[in-house]
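Asks: Below, each chain spelled out in residue letters.
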Amino acid sequence: MSDKKKKGPQRTVILRKREMTLAQKMNTQAVAGYVFVALFIIGFLSFMIIPMAMSFGFAFTRYNILSAPRFIGLENFKEMFTNDPVFWQSFKATMYYVVFSVPMRLIMALVIALLLVRKSKASGVYRALFYLPSIVGSSVAVAILWRRMFASDGVINSMLQAVGINCEIAWLGRTDTAIWTLIILAVWQFGSSMLIFLAGLKQIPVSLYEVADVEGANPFTRFFKITLPMLTPTIFFNLINQLINGFMAFTQSYIITQGRPRNSTLFYTVYMYQNSFTYNKMGYGCAMAWFMIVIVGALTLILFKSQNKWVYYES
Amino acid sequence: MINTVIYHIVTAVFALVMLYPLIWMVLGSFKDSNQILRDAASLFPDTFILDNYATGWRGFAGFTFGTFFKNSFIIAGISTIGAVISSAIVAYGFARCEFRLKGFWFGCMLVAMMLPFQMIMIPQYILFNKMGLVGSFLPIILPQWFGQGFFIFLNVQFIKGIPIELDDAATIDGCSIYGIFPRIILPLIKPSLVTSAIFSFMWRWDDFMAPLIYLNNPATYPVSYALKMFSDPTAGSDWGAMFAMATLSLIPIFIIFLTMQKYLVEGIASTGIKG
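These protein sequence lines map, in sequence, to chains A and B.
Going by the working numbering, the first sequence opens with residue 380, and the numbers climb by one from there.
Going by the working numbering, the second sequence opens with residue 895, and the numbers climb by one from there.
Derived by calculation from the structure, the hints in this document are not laboratory data.
There may be inaccurate statements among the hints.
Once the Cα atoms are required to be at most 20 Å apart in a straight line, the calculated PhoX-like pairs of lysine-lysine come out as [claimed, not checked]:
(1) A:Lys404 <-> B:Lys996
(2) B:Lys1024 <-> B:Lys1054
(3) A:Lys500 <-> B:Lys1156
(4) B:Lys1084 <-> A:Lys581
(5) A:Lys604 <-> A:Lys581
(6) B:Lys1156 <-> A:Lys498
(7) A:Lys498 <-> A:Lys581
(8) B:Lys996 <-> B:Lys1054
(9) A:Lys471 <-> A:Lys457
(10) A:Lys500 <-> A:Lys604
(11) B:Lys1084 <-> B:Lys1156
(12) A:Lys581 <-> A:Lys500
Just need the whole structure built from these sequences, with the hints factored in.
Replies: Here you go:
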């Protein structure tokens, strides 16, 4: 009897410990966290990491998807850099597009944000109107519209004629103007950057401006000494986002200009798409993708490193 | 006073210039095709006609735009349901649980958020091709069901704003971690769920690249891809019909924009989501 009494509680303790391990372990944050995040990890591995690894492997092969990939070393990269003028044309067109469209879009976004930050009953309406193009801008519908607008008998020329400029430029047919129709389309979509700037502007403490007023600062000093420095984190964030977006632009070039004329608007992603899916050169396409990842990655890294030179973070 | 008047005139005129192309397209869809070409500067139709909608709706390759709209709603709808649910679940794990390598996985999530589809589309295509899924909606829909970076991020921010005392109270009442999520958190993050749903639907609706790569039969085309095929010079140069279908294709986006503007603006302002 006394033995049982001694053993009884001991056994239940052990039992309870076992029972609790299962139910409780599942209910600890360490396990539950993984249960909740599991979906992301599975997706990340199967739709990002595995494809990225595959892509890295294929970059060193000749692969037309029908037959097995054949290892050719650095041949794809050699071809790209030394023997494919179209590759460089597409790289140049994309660079040109990014160099002009990204700063212009950001400046436009900032200027309009400054205009709208002023309190007025209509500012909500204005904000919505300026934002609308960036919601619809990347659609096929707008791409088709753009093609019609910039045709030689399109609305742009007609409007110019209406104000007395005799203009019959075939905007889409000339190497020096075609890319600008795409840049204008990009700048037109400044709305979402504008909203981010507006949010940034509203966070600048009013007290700073009050001090500036007391010291009699003019609007320019206010802008360059207070607004702009306080806004640099927002500018930095927008810049990184728009840079990546710019390099990845596809639909505009693919639908509006199809790379014409003479590849002056052939975007990098479009040429990559053509190689992989039209010419069935999957290995070459992967090599192109990796070159772009390195370029964009390096630019992003440089921007991040340059932060302490020009981005002002309030501690 | 004069300043205010000037301010409103400048802003309103500029807004009008910005929107002019869209207005021109919408009104153009009611014009005779000849008028669009001959008299591009005119804004209003000479005679207001609906014929463009009838001819455009007929579509091509034996499929009407009814089919294409149905496909778009299926793709965008199922993708959105998946993206919203999965992102909320994953976000709860990141926001409320401490687990090993959490920082590492959160970093992976940020990388996934930044990495554009264009950079992984080729191997992803090869993968789905091996699985025999090319030509179906699955390669477009499936990846959406494993959490989307932007929406995870948005939900994490939102959940962190909910007082932890609510969780504690539920735990004392005997609620497990798995119970807290649907009972306490989910009802409170409705705004960020709505925001995720809106953006997801708009992005999938507008998406052109994934359908271009994965779909090869007109019966499966969504509106975005169908519109491109419809506008190809070989299919004709009936600009009236093209404008009509282009206008129709934007209507779901316009409706979301008009009814859900608050969520759109807040979504962008709080996470820097791209619009």
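Asks: Within a Cα-Cα threshold of 20 Å, do Lys581 of chain A and Lys500 of chain A meet the stated pairing?
Replies: The hint holds at about 17 Å.
Asks: Are the Cα atoms of Lys1156 of chain B and Lys498 of chain A separated by 20 Å or less?
Replies: Since the Cα atoms of Lys1156 of chain B and Lys498 of chain A sit roughly 17 Å apart, the hinted pair holds (cutoff 20 Å).
Asks: Quick one, are Lys471 of chain A and Lys457 of chain A close enough, alpha carbons at most 20 Å?
Replies: The given pair, whose Cα atoms are some 18 Å apart, holds under the 20 Å limit.
Asks: Between the alpha carbons of Lys1024 of chain B and Lys1054 of chain B, is the straight-line distance 20 Å or under?
Replies: Given pair Lys1024 of chain B, Lys1054 of chain B is violated - Cα atoms ~41 Å apart, limit 20 Å.
Asks: Are the Cα positions of Lys498 of chain A and Lys581 of chain A separated by 20 Å at most?
Replies: Answer holds: Lys498 of chain A to Lys581 of chain A is near 11 Å, not above 20 Å.
Asks: For Lys604 of chain A and Lys581 of chain A, compute the direct alpha-carbon distance and say whether it is at most 20 Å.
Replies: Since the Cα atoms of Lys604 of chain A and Lys581 of chain A sit roughly 16 Å apart, the hinted pair holds (cutoff 20 Å).
Asks: Given the hint that Lys404 of chain A pairs with Lys996 of chain B, does the C-alpha gap stay at or below 20 Å?
Replies: 18 Å, holds
Asks: Are Lys1084 of chain B and Lys1156 of chain B close enough, with their CA atoms no more than 20 Å apart?
Replies: 14 Å, holds
Asks: Is Lys500 of chain A close enough to Lys1156 of chain B, meaning Cα to Cα at most 20 Å?
Replies: 16 Å, holds
Asks: Do the alpha carbons of Lys1084 of chain B and Lys581 of chain A lie within 20 Å of each other, as the hint requires?
Replies: Violated. Lys1084 of chain B to Lys581 of chain A sits at ~25 Å, over the 20 Å cutoff.
Asks: Take a quick look at whether Lys500 of chain A and Lys604 of chain A sit within 20 Å of each other, Cα to Cα.
Replies: Not OK: Lys500 of chain A and Lys604 of chain A at ~29 Å, beyond 20 Å, violated.
Asks: Does the alpha-carbon distance linking Lys996 of chain B and Lys1054 of chain B stay inside the 20 Å limit?
Replies: 15 Å, holds
In the structure shown, a violation is registered for the earlier hints numbered 2, 4, 10, in ascending order.
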